[in-house]
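Dock chain B against chain A, hints included.
Chain residues, written in single-letter form:
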Amino acid sequence: MDIKSYFTPDVIGAVYLIAVILFVVGLKQLSHPRTARNGNLLSSLGMLIGVVATLFDKEILRYDVIIAGILLGAVIGTWLAKTVQMTGMPQMVALLNGFGGLASFVVATSEFYSRQTQFPGDLFNYVTVVLSIIIGMITFSGSLIAALKLQEVIDGKPILFFGQKMLNALLGIGAIVLSVTIILNIQNGELANAEMMFLGLGGLAFVLGITLVIPIGGADMPVVVSLLNSYSGIAVAMTGFVLGNSALIVVGTLVGASGIILTMIMTKAMNRSLLNVLFGGFGATVSGGGGPAPTGTIKSASPEEAGMILDTAESVIIVPGYGMAVSQAQHVVKKLTEYLQKKGKTVSFAIHPVAGRMPGHMNVLLAEAGVSYDILYDMDQINDQFSNTDAVIIIGANDVVNPAAKTNPQSPIYGMPVLNVEEARTVFMLKRSMNPGFAGIDNELFYKNNTLMVFGDAKKTVEGFLQSLEELDK
Amino acid sequence: MSELMLTFYVFIIATFLGFEVISKVPPTLHTPLMSGSNAISGATILGALVVAGHGEGWTSLTGILGFLAVVFATINVFGGYVVTDRMLQMFKRKKQD
Chain A
36 MDIKSYFTPD VIGAVYLIAV ILFVVGLKQL SHPRTARNGN LLSSLGMLIG VVATLFDKEI
96 LRYDVIIAGI LLGAVIGTWL AKTVQMTGMP QMVALLNGFG GLASFVVATS EFYSRQTQFP
156 GDLFNYVTVV LSIIIGMITF SGSLIAALKL QEVIDGKPIL FFGQKMLNAL LGIGAIVLSV
216 TIILNIQNGE LANAEMMFLG LGGLAFVLGI TLVIPIGGAD MPVVVSLLNS YSGIAVAMTG
276 FVLGNSALIV VGTLVGASGI ILTMIMTKAM NRSLLNVLFG GFGATVSGGG GPAPTGTIKS
336 ASPEEAGMIL DTAESVIIVP GYGMAVSQAQ HVVKKLTEYL QKKGKTVSFA IHPVAGRMPG
396 HMNVLLAEAG VSYDILYDMD QINDQFSNTD AVIIIGANDV VNPAAKTNPQ SPIYGMPVLN
456 VEEARTVFML KRSMNPGFAG IDNELFYKNN TLMVFGDAKK TVEGFLQSLE ELDK
Chain B
390 MSELMLTFYV FIIATFLGFE VISKVPPTLH TPLMSGSNAI SGATILGALV VAGHGEGWTS
450 LTGILGFLAV VFATINVFGG YVVTDRMLQM FKRKKQD
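Protein sequences, first through last, are from chains A and B. For the first sequence, position 331 matches number 366 in the numbering used here, and the numbering has no gaps at all. For the second sequence, position 64 matches number 453 in the numbering used here, and the numbering has no gaps at all.
The shape of chain A in the complex, shown without the other chains (with noise of 0.2 Å):
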């Protein structure tokens, strides 16, 4: 007897089951950095083991088309996974995010072009198939757009022009108006107009994936990231309406789950609504307006200086910023946490949820260099630690740590939680020069009297301080 007849529909579904609890366990895991990787594991066992259930669906007549792929896929995402760099995560993540989207797409387009032959079909059919073709083409596009902007191929800064607005409403309107269409079209039996119309839905997303990512800038792409995350989930949902399929309906669900929650958190973290964030064009002005620019004088300090101070210091606080990324720093950043561990002084980071260019950004990276997991603290678990430490050292930060925020109500980031780094003793701002942050908006701090500035490239100027501290001790 063939084996395939062993694999009745209900069999399928019971060990998508197993599939789908060994993802939830997975994930459960991932709530410590202990059971973590174990959790990847599982997860990625119920991978496999729906993939090989399913290899034996009787829908499935031939192999060849599908080895092909799946070793073609295979080579790319493994070489992909094993290149990249740990400063370059946020735009793998974008990129993965993409192509997720894009095969829920092609899935729900071959859908589409099977199921024309057993017209009329279930309305509701059309409707998940619709919605596939348009969720899936967007976060592909958008995904595709936003690794771009991360990769700074294209200018990280939001790109704005006349009639933005206007011209994603339009292409909305036209998206929902065609899909009505093409359901429409189908129930008349009007096929070859449907297919039509079909190819033209898939270009006006693919369109407008393009136009609501571009205007975003890159301070903001914590939010577009997480965001894209949620729709590359809910694509797999729609799927799984396509196909009715119901562990797919569940797995994309989870996925679109976590991926709002994380957005919500980044939206919190910098207080703007998320449509603030999609359609605001948040730091397009370079004066940033926002009342009077603060006023006193700046002091500088040289990594020698800086050095001797921190010599002194008995706790000392260091905040990551994109900065780190940019610069490489978080190497050497270890290298100086261990030296003044060593001299025995307490040192823990304080990590802003959208400190870099995604959610936990800061953490993987200090976590390649080998920073220990448990002196990283959250914004809210650090943040009244500041007025007892005697030294802050800021990398590459600036937005999250002005006190404009508290204080300035003119201020375009007034509202947003920021670490309170000026109740420290010193503080010590690494930048390359003087020009603002990315939000374009001057910063109190660098005038605040216990601020010292240690202008030049973040790397460099940890190494300054490092060299310092054992000058000292020779």
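Simulated from the structure, these hints should not be mistaken for laboratory data. Since the model is a prediction, treat every value here as computed from it, not as a measurement. One or more of the hints may lead you astray.
Quick list of in silico lysine to any residue cross-link-like pairs, SDA-like style, CA-CA up to 25 Å [stated by the list, open to error]:
| hint | chain 1 | residue 1 | chain 2 | residue 2 |
| --- | --- | --- | --- | --- |
| 1 | B | K481 | A | S66 |
| 2 | B | K413 | A | K377 |
| 3 | B | K483 | A | Q363 |
| 4 | A | K370 | A | T332 |
| 5 | B | K481 | A | E373 |
| 6 | B | K413 | A | E498 |
| 7 | B | K481 | A | Y408 |
| 8 | B | K481 | A | L166 |
| 9 | B | K413 | A | V60 |
| 10 | A | K370 | B | Q478 |
| 11 | A | K63 | B | P415 |
| 12 | B | K483 | A | E403 |
| 13 | B | K413 | A | S407 |
| 14 | B | K413 | A | N306 |
| 15 | A | K39 | B | G444 |
| 16 | A | K334 | A | E498 |
| 17 | B | K481 | A | G123 |
| 18 | A | K63 | B | K413 |
| 19 | A | K377 | A | N306 |
| 20 | B | K413 | A | M299 |
| 21 | B | K483 | A | G331 |
| 22 | B | K483 | A | Q64 |
| 23 | A | K369 | A | G491 |
| 24 | B | K483 | A | A348 |
| 25 | B | K413 | A | T70 |
| 26 | A | K303 | A | N443 |
| 27 | B | K481 | A | N306 |
| 28 | B | K413 | A | N418 |
| 29 | A | K192 | A | T122 |
| 30 | A | K369 | A | K303 |
| 31 | A | K303 | B | T404 |
| 32 | A | K117 | B | K481 |
So, partial list: chain A residues that the calculated Cβ filter (under 10 Å) puts toward chain B [said to hold, decoys possible]:
| hint | residue |
| --- | --- |
| 33 | I38 |
| 34 | S40 |
| 35 | G85 |
| 36 | G108 |
| 37 | V277 |
| 38 | G279 |
| 39 | G391 |
Just so you know, even glycine gets a beta-carbon here, dropped at the ideal spot from N, CA and C.
For chain B alone, kept in the frame of chain A given last:
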């Protein structure tokens, strides 16, 4: 209850499950969470396999679309799991001495 209604039940319950499970993930693991959940969303491959194996092969539209869907979904699966593992093995805790 129709099959459609049952599907909606699954969808809604899964939403709650997702929020429950994901909100327990600490901020320090948010990047691996994204890449790991990304790999899971590569489950589209289950649909892609059926499309690719339909039997019309390389010369048909569904064959080509199926091939592409399998390639994209597999990139998602392999890229996601491998990169997540690479990240997670770096998260270490130093013993205090």
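*Of the hints stated earlier, which fail here?*
The structure conflicts with hints 2, 4, 6, 8, 19, 21, 27, 30, 33 and 34, although it agrees with all the remaining ones.
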